[in-house]
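Chemist: One letter stands for each residue in the lines below.
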Amino acid sequence: MPVALKQAGWWRALYGLVIGAAFGYGLVVALRAASGLPLIQTEQTGYPQLVVALITGPLGFLWGIGCFDYWLRWIAGGPTVPDDHADHGAKNWKDYFKVNTDHKVIGIQYMVLTFFFFLVGGLAAMGVRAELAQPGTQIVDPNTYNGLFSTHAAFMIFVFIIPMFAGIANYVLPLMIGAPDMAFPRLNALSFWLLPCAGALLMASYFAPGGTFDAGWTGYAPLSTGAPIGQSFFNLAVQFAGASSIATAINFLVTIVTMRAPGMNFWRMPLLVWANLSTSLLVVAATPFIAGVQFMVLFDRVLNTNFFEAAMGGDVISYQHIFWFYSHPAVYIMMLPGFGIISEVISTHARKPVFGYRLMALALIGIVVLSYSVWAHHMFVSGMSSWLRVPMMITTLLIAVPTGIKIFSWLGTLFKGKIHLQSTAMLFSLGFIFTFVIGGISGVMLGMVPLDIHVSDTYFVVAHIHFVLFGGSVFTIFAGLYHWFPKITGRMYDERLGRVHFWMTLAGMLGTFIPMHWIGLEGMPRRVADYSAEFAAWNLEITIASAILGLAQLVFVYNVVVSWKYGPKASANPWRANTIEWLVSSPPPVFNFDEIPRVVGGPYEFGVPGARHAILAGDDKATVEQPKPATVGSVGSST
Amino acid sequence: MESASVTLGHATGDHHHGPPEANKSSKVDQTTLGLLIFLVTEAMLFGAFFASYFFLRVVVNDGPWPPEPYELPVIVAGVNTAILVSSSFSIHWALEGIRRGNRKAATLAMAVTWLLGATFLFIQLNEYIHVGFSARDGAFGSIFYGLTGLHGAHVIVGLILLTIVNVRLWRGHFGPKAEDHRGLELPGIYWHFVDVMWVIVFVTVYIL
Chain A
0 MPVALKQAGW WRALYGLVIG AAFGYGLVVA LRAASGLPLI QTEQTGYPQL
50 VVALITGPLG FLWGIGCFDY WLRWIAGGPT VPDDHADHGA KNWKDYFKVN
100 TDHKVIGIQY MVLTFFFFLV GGLAAMGVRA ELAQPGTQIV DPNTYNGLFS
150 THAAFMIFVF IIPMFAGIAN YVLPLMIGAP DMAFPRLNAL SFWLLPCAGA
200 LLMASYFAPG GTFDAGWTGY APLSTGAPIG QSFFNLAVQF AGASSIATAI
250 NFLVTIVTMR APGMNFWRMP LLVWANLSTS LLVVAATPFI AGVQFMVLFD
300 RVLNTNFFEA AMGGDVISYQ HIFWFYSHPA VYIMMLPGFG IISEVISTHA
350 RKPVFGYRLM ALALIGIVVL SYSVWAHHMF VSGMSSWLRV PMMITTLLIA
400 VPTGIKIFSW LGTLFKGKIH LQSTAMLFSL GFIFTFVIGG ISGVMLGMVP
450 LDIHVSDTYF VVAHIHFVLF GGSVFTIFAG LYHWFPKITG RMYDERLGRV
500 HFWMTLAGML GTFIPMHWIG LEGMPRRVAD YSAEFAAWNL EITIASAILG
550 LAQLVFVYNV VVSWKYGPKA SANPWRANTI EWLVSSPPPV FNFDEIPRVV
600 GGPYEFGVPG ARHAILAGDD KATVEQPKPA TVGSVGSST
Chain B
0 MESASVTLGH ATGDHHHGPP EANKSSKVDQ TTLGLLIFLV TEAMLFGAFF
50 ASYFFLRVVV NDGPWPPEPY ELPVIVAGVN TAILVSSSFS IHWALEGIRR
100 GNRKAATLAM AVTWLLGATF LFIQLNEYIH VGFSARDGAF GSIFYGLTGL
150 HGAHVIVGLI LLTIVNVRLW RGHFGPKAED HRGLELPGIY WHFVDVMWVI
200 VFVTVYIL
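Here the protein sequences line up with chains A and B, keeping their order.
Counting from 1, position 530 in the first sequence corresponds to residue 529 in numbering that gives the first Met the number 0; the numbering is continuous, with no gaps.
Counting from 1, position 53 in the second sequence corresponds to residue 52 in numbering that gives the first Met the number 0; the numbering is continuous, with no gaps.
Rather than coming from a laboratory, the hints here were simulated on the basis of the structure.
Each residue gets a CB set at the ideal place from its N, CA and C atoms; glycine is no exception.
Be aware that one or more of the hints could be misleading.
Residues from chain B that keep clear of chain A, each with C-beta distances beyond 10 angstroms, as calculated [said to hold, decoys possible]:
#1 Leu32
#2 Gly33
#3 Pro68
#4 Glu70
#5 Leu71
#6 Val111
#7 Val130
#8 Glu178
#9 Leu185
#10 Val195
Each pair of labels, with its calculated beta carbon distance range [what the hints assert, rightly or not]:
#11 B:Glu126 x A:Leu358: 39 to 45 angstroms
#12 B:Val73 x A:Gly522: 36 to 42 angstroms
#13 A:Ser381 x B:Val78: 26 to 32 angstroms
#14 A:Ser385 x B:Pro68: 31 to 37 angstroms
#15 A:Phe265 x B:Ala42: 22 to 28 angstroms
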């Protein structure tokens with residue numbers, strides 16, 4: 000074997016991809032030959048030789064890039080190379096294209112890759128809006144249109160929002176709890192490298208015979224079980240993204256439980272940590288359901304099983320039940336980390352302690368528990384057992400209580416605070432509260448059975464989901480990216496461009512999604528390439544607004560790229576925040592800390608004289624040698 | 000295993016080149032906790048198939064279950080259940096053996112466990128051949144093969160893990176201290192999970 004193929008890297012990854020795919024292909028052909036079947040099956044839904052190759056190919060890629068090297072050596076009983084940390088940190092841009100076990104490098108890998116998928120999904124959305132600018136069929140035929148909105152949602156949900164939050168937390172969370180890294184660094188690297196596999200499968204589906212998957216991101220059976228081969232790409236991409244998500248969640252849970260700095264009990268954890276704790280609980284218990292149901296669809300498609308074949312005793316509605324048992328908690332998987340980010344940003348940029356900190360944490364747990372009991376509110380018109388409707392309606396409306404607690408706590412935090420409106424992170428947080436309340440209220444409306452029946456499958460639903468996922472999740476993502484940009488890159492971003500980005504995004508967002516409520520109430524159906532002429536005026540307006548929304552993201556890209564390279568150097572703590580990640584330099588040292596910090600108080604004690612959240616080893620001596628007027632000891636008496 | 004080796008590496012190696020040792024905020028071993036959480040995930044994956052089973056059998060089926068003319072070999076599966084459950088005891092024997100420094104007992108018990116697991120898998124495959132219906136024969140066939148096949152895949156993974164444990168036992172890799180036989184204990188926990196899951200699958204699919 001040439002040297003290039005012995006060393007983990009892109010050459011070996013390419014080799015592994017080819018060998019893996021060829022192995023999968025050959026395996027199916029051999030098995031079919033052994034069973035006396037025709038060697039190649041090209042039925043519209045089947046293509047087993049291709050489906051198996053799509054599983055073994057990415058696994059070969061992961062082997063080649065080096066995700067399994069350490070484990071394979073360990074399993075074989077060979078000498079495992081003791082970790083000399085030579086691969087920690089990234090010395091130049093090439094290191095970001097290698098398997099790296101440093102949580103900070105992995106965090107950046109996550110954020111950049113998922114943002115790329117955000118742009119891809121955004122392009123699909125632009126395609127959708129271009130087609131809808133006028134009634135009739137102009138740019139794409141209805142089938143391509145179906146593919147566009149399906150890939151748009153699949154990219155945004157499975158390889159942008161969910162992993163983007165995982166990426167932000169990957170970077171920030173270990174620093175925040177005073178840990179040198181995640182609990183399982185190699186598993187962490189594998190979690191990341193599963194994502195390009197998922198994204199590549201989604202993109203490759205465009206080249207599949209019969210076109211990309213077009214059954215929507217929900218992939219309802221029997222639409223999905225009878226769809227062309229592109230649907231199998233979706234099924235498998237969800238498995239790869241889901242495996243990544245589960246592995247990360249296990250990693251976060253173990254890290255949070257076992258690696259907190261001394262003194263950081265659960266009631267001293269920053270809310271971002273709480274948010275990722277609750278998100279991870281949702282992921283480990285809910286994600287297997289979508290894995291299971293996508294397996295069943297795949298079996299129905301490739302092996303001709305009858306899970307969803309009504310004529311053979313299958314149950315179509317069971318798909319929706321199992322799917323939504325994951326996918327309703329999934330909307331909280333896409334929202335809770337954002338809640339955590341918002342708590343950090345608002346408290347820091349308004350110079351106020353978080354109002355009702357403990358209740359904020361408990362509200363997160365409340366949402367986790369409740370979110371498992373509401374899945375059927377997506378199915379009021381599906382023909383499910385009608386006795387399920389009212390209980391599901393009640394639990395759905397109940398979720399508004401813990402969510403409302405969070406909204407009011409943020410408002411309480413802002414109340415009489417020193418609100419820094421110059422800060423883009425703060426602007427996005429305020430924008431988030433505004434848009435998320437609208438999205439939350441339309442969510443409560445949709446939770447009510449009579450209204451839901453009226454607006455099912457109309458643009459009202461599209462408006463709601465974009466208010467909570469764009470106005471909610473994406474705004475919090477931007478708030479987080481701006482807030483931690485100086486920490487991650489060591490440079491300040493351009494606040495002026497940031498504000499331009501915010502106002503363009505907010506205007507574009509409102510212009511795009513508010514009218515959708517109205518045309519939805521009047522009955523414009525979603526997921527259809529054509530519409531009645533009476534909606535033409537609003538649709539043209541929506542398309543124009545969405546173009547503003549799309550262009551605004553280019554401002555962000557420009558700002559990030561230029562600031563990362565040429566921005567002014569950032570100090571360790573430009574926002575004067577309290578949490579531990581701001582105690583170390585920007586960007587943090589390769590191993591985060593020389594010594595693990597000591598936590599001495601709550602994370603949000605803004606305005607409390609002398610209060611501190613944590614002490615680094617170096618600070619400790621300074622405090623002892625030169626006592627200042629306000630020291631840690633004086634907290635109790637001065638408040 | 001992995002985290003343990005990372006921290007041990009720092010303690011013995013060059014102290015200036017490496018991260019500080021993480022604070023232990025919990026007495027729970029990291030890999031054990033990670034495995035337990037992973038098993039929650041696994042249980043939920045089975046849960047998805049049990050949910051499907053419930054819908055197919057209770058919600059949409061209105062005839063006898065299993066549908067005519069299929070019959071399930073309850074006796075054979077019952078014997079098979081006994082075989083798999085006994086392997087849970089033998090793997091516990093192996094763990095107790097290594098805890099007390101009795102490597103012979105551990106090696107023997109682990110080999111017995113592997114054989115019991117392989118026997119279970121063999122009988123299961125034999126049942127597939129003789130059961131008289133395939134995964135394509137109605138929703139009943141699909142979910143029968145879905146649930147037992149999902150479990151069978153876990154048995155295969157378990158057997159691979161047990162093979163590694165067996166090899167490492169022969170090579171004398173494990174010791175009486177907790178951190179020296181985690182590589183035996185964790186596959187053991189997984190194996191117990193596979194056994195418990197089988198009891199639930201057996202009761203649901205064959206008995207109820």
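Chemist: Against the structure, test the hints numbered earlier, and report the numbers of the ones violated in rising order.
Modeler: 1, 2, 11, 12 and 13
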